[in-house]
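Residues per chain, in single letters:
2 protein chains.
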Amino acid sequence: MFADDARGHVLEHLMYNSIPYPSDPSQEVRLPVAQLQPVVEQLLVKHSMFLFDAKVAAARLLEADLYGVPSHGTALLCRILNAIDCGDIDPRGRVLTLTDAPCFATLDASRAIGSVAATKGAELAIAKAKEHGVGVVAMGNGQTLGAAEVYVRLMAAAGVLGICCTSTGGATVSAPGSRAGAVGNCAFAYAVPLQGRVPLVFDSACGTESWGKLALLQRYGLPLPEGILFDSQQAPVTQFESAVAMLPAGGPLGFGLSMLCSILAGPLCNGWMPIHKKRRTDAEDSQHFFLALDPARFCDVDKFNRELQKTLDEIVALPAVNPADPVRIPGVRGAACYEDNLQQGIPLHRSIAEEIKARALKKKVAVEW
Amino acid sequence: MFADDARGHVLEHLMYNSIPYPSDPSQEVRLPVAQLQPVVEQLLVKHSMFLFDAKVAAARLLEADLYGVPSHGTALLCRILNAIDCGDIDPRGRVLTLTDAPCFATLDASRAIGSVAATKGAELAIAKAKEHGVGVVAMGNGQTLGAAEVYVRLMAAAGVLGICCTSTGGATVSAPGSRAGAVGNCAFAYAVPLQGRVPLVFDSACGTESWGKLALLQRYGLPLPEGILFDSQQAPVTQFESAVAMLPAGGPLGFGLSMLCSILAGPLCNGWMPIHKKRRTDAEDSQHFFLALDPARFCDVDKFNRELQKTLDEIVALPAVNPADPVRIPGVRGAACYEDNLQQGIPLHRSIAEEIKARALKKKVAVEW
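First to last, the sequence lines map onto chains A and B.
Just so we're aligned, residue 338 is where the first sequence starts under my numbering, counting upward by one.
Just so we're aligned, residue 338 is where the second sequence starts under my numbering, counting upward by one.
No lab work stands behind these hints: they were computed from the structure.
You may find that some hints are simply not true.
Note: identical chains are not told apart, hence a pair may lie in one copy or across any two.
Straight-line Cα separation of at most 20 Å, DMTMM-like style, residue types lysine to aspartate or glutamate; simulated pairs [said to hold, decoys possible]:
1. 467 x 437
2. 701 x 691
3. 383 x 427
4. 383 x 425
5. 615 x 651
6. 615 x 650
7. 647 x 621
8. 701 x 422
9. 640 x 621
10. 700 x 427
11. 383 x 691
12. 640 x 445
Using the sequences and the hints given, assemble the complete structure.
Take a look at the structure:
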């Protein structure tokens with residue numbers, strides 16, 4: 338069923354596939370939420386966070402794991418603890434309001450842990466959309482929020498259509514015609530609430546892949562994709578350490594979207610463009626942009642739901658190129674993954690579980706693995 | 338400087354390039370704006386439009402031509418006239434207000450010509466953003482607006498960051514894993530105002546290419562790209578007539594963005610999803626979604642400008658894969674094209690100029706070509 342010539346095959350493969358997250362039970366431990374979550378919370382508390390903030394931060398990290406985004410969940414914990422230790426993240430940072438207009442707000446996250454600040458940003462966007470139909474929140478001086486999809490999931494759970502983009506450090510996505518970093522590998526995520534079924538949830542890097550996923554592939558000893566990564570001399574590489582730039586997803590479209598996200602989650606939040614960020618993401622700041630729309634204010638929400646649900650049913654029934662791999666709707670795999678991980682425990686790469694355990698023991702936090 | 342193996346070459350080519358618009362002086366006439374614009378206006382007036390609306394419609398169509406989007410400019414005129422003739426476009430349709438909240442509005446374009454209705458939509462989004470910081474306009478029951486970029490250019494000219502997406506008829510972009518149409522080949526455009534220089538302007542289809550560009554390639558007798566188009570049996574084709582679906586731009590990212598645009602410029606505007614549109618675009622309706630943000634309400638706009646301008650200067654100076662083809666910023670080519678076309682006349686394919694001339698003569702409108 339693939340195009341007949343080699344070129345068509347490569348082209349179609351590229352058009353259809355992102356690299357799946359690694360999964361290898363021989364390299365993993367499965368940790369039940371009830372074991373992992375208190376350790377994450379207690380480690381954060383022992384790094385000076387208030388318990389109520391630590392609970393929010395742990396919830397967001399574990400949600401990323403549960404929904405099948407292991408690169409942006411608990412895997413980030415030790416990096417966050419290091420950033421607290423060296424003073425880049427303020428464990429008691431509060432979200433400050435700079436402007437609070439009816440439909441938008443500008444916030445200063447004052448270097449608070451990203452997951453806590455971004456939760457407040459998403460909640461404020463929800464509240465504004467519920468009251469005024471539209472809510473826009475631009476948050477500067479923040480820190481890495483983890484997986485963008487968990488925040489748009491919060492928005493969809495509240496009944497609003499949520500969009501989130503976030504900056505991710507320096508310029509690591511090239512412009513068409515170049516192999517040097519021009520814009521950020523921003524995350525772009527949205528979720529659409531659907532009555533009586535799991536929301537439509539989309540979360541993507543604007544580069545060919547997220548750096549977090551590539552780092553995880555490396556941890557599993559898997560090869561990195563050829564032809565998309567470049568070193569500081571613009572030569573193609575497949576080593577994570579020497580890669581400083583990657584191609585945009587879909588060429589001009591990925592570049593254009595990355596440029597927009599770099600501006601919205603950047604200078605619009607009083608931050609810098611990625612090309613002017615030269616240090617680690619934790620050492621500089623990260624900006625987040627949230628847009629919430631309440632469909633009930635725009636249209637007949639029952640008709641909106643029926644129309645979307647019917648469409649999604651029809652799309653999954655479309656003929657698949659490979660009948661063993663049917664068409665999937667963004668968000669459905671995540672929901673199944675959530676149930677699976679809740680039942681069987683969160684699969685963590687053994688090295689990540691060991692790193693967390695070592696930090697926990699050092700702080701006299703009991704671990705059961 | 339390209340990746341060494343064939344696979345890398347194909348991959349990188351695809352990542353970097355969209356097909357350029359055709360240009361072949363031997364097949365074209367150059368029509369000065371002063372010749373073309375009155376003919377377009379008069380033809381619209383002779384099809385029952387009020388002159389003030391005809392002037393707006395003609396301005397938007399010619400702007401598309403001037404900015405180098407010939408597939409979505411005057412090339413659409415005869416199709417618009419046909420749609421008026423058969424009653425699909427109401428030449429005196431007015432834009433009706435369904436909801437007018439401070440930061441958003443829902444509008445019914447009542448089958449008015451798309452360029453006139455979309456201009457009003459963009460203007461309302463601008464006005465709301467100027468007053469409240471944010472303006473969202475969802476417009477249903479509309480008609481094809483032409484080139485999305487001309488509306489975000491209006492927004493940038495008014496000093497606001499503008500985003501526009503529009504639906505484009507049926508489901509013609511496939512989902513990852515399928516070659517059947519799932520979502521619309523929506524246009525996604527944005528513009529960012531920059532003090533003292535041309536705005537940053539991005540306009541893209543969510544599919545690999547816009548159908549309009551493919552139609553224009555065909556008119557110039559140029560081959561259509563291999564491997565991206567499929568017929569109703571999901572077999573690869575390169576004939577425009579038999580193509581009913583195409584791959585999304587950048588696979589999952591293009592599909593995800595197309596799904597979002599299909600919802601925003603669809604059910605959110607009380608319209609249908611593309612998969613439920615089975616007739617011609619003119620016969621069904623098109624929806625438009627506008628979002629305007631006033632940067633001055635979100636951040637220090639001088640710093641915002643300096644930061645963006647410095648960034649754009651640095652991006653164009655990045656090393657290019659092909660030194661003869663330096664890195665380009667979206668919007669710059671369009672601005673140069675505008676000046677060029679204003680000086681030398683708008684290049685129209687001879688067959689399009691002839692079609693317009695025939696319509697004009699039939700309606701006793703004088704033409705000078």
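Please sort residue 701 with residue 422 into within, between, both or neither, judging by C-alpha distance up to 20 Å.
within (17 Å within a copy, 80 Å between copies)
Is the C-alpha distance from residue 615 to residue 650 at most 20 Å within one copy, between copies, in both cases, or in neither?
Between copies only: 17 Å across chains, 46 Å inside a chain, cut-off 20 Å.
Classify it for me, residue 383 with residue 691: is the Cα-Cα distance of at most 20 Å met within a copy, between copies, both or neither?
Classified as within; 18 Å inside a copy, 77 Å across copies.
When no copy is specified for residue 383 and residue 425, does a C-alpha distance of 20 Å or less occur within a copy, between copies, both, or neither?
within (16 Å within a copy, 67 Å between copies)
Can you tell me if residue 640 and residue 621 fall within 20 Å by alpha carbon in one copy, between copies, both or neither?
Answer is between; shortest inter-copy Cα gap is 18 Å, intra-copy 45 Å.
Reference check for the pair residue 383 and residue 427, CA-CA at most 20 Å: within, between, both, or neither?
The answer is within: 13 Å in one copy meets 20 Å, while 68 Å across copies does not.
For the identical chains here, do residue 647 and residue 621 meet the 20 Å Cα criterion within one copy, between copies, both, or neither?
So residue 647 and residue 621 pass the 20 Å test across copies only (19 Å; inside, 45 Å).
What label fits residue 640 with residue 445 when the C-alpha limit is 20 Å: within, between, both, or neither?
Between copies, since 17 Å is at most 20 Å while 38 Å is not.
When no copy is named, should residue 701 and residue 691 be tagged within, between, both, or neither for a Cα gap of at most 20 Å?
within (15 Å within a copy, 83 Å between copies)
With 20 Å as the alpha-carbon cut-off, assign the pair residue 700 and residue 427 to within, between, both or neither.
Classified as within; 19 Å inside a copy, 73 Å across copies.
Given identical chains, is residue 615 near residue 651, meaning Cα to Cα at most 20 Å, within a copy, between copies, both, or neither?
between (47 Å within a copy, 14 Å between copies)
State whether the alpha carbon distance between residue 467 and residue 437 is at most 20 Å within one copy, between copies, both, or neither.
Both, since 15 Å and 16 Å are each at most 20 Å.
No hint from the list above goes unmet by this structure.
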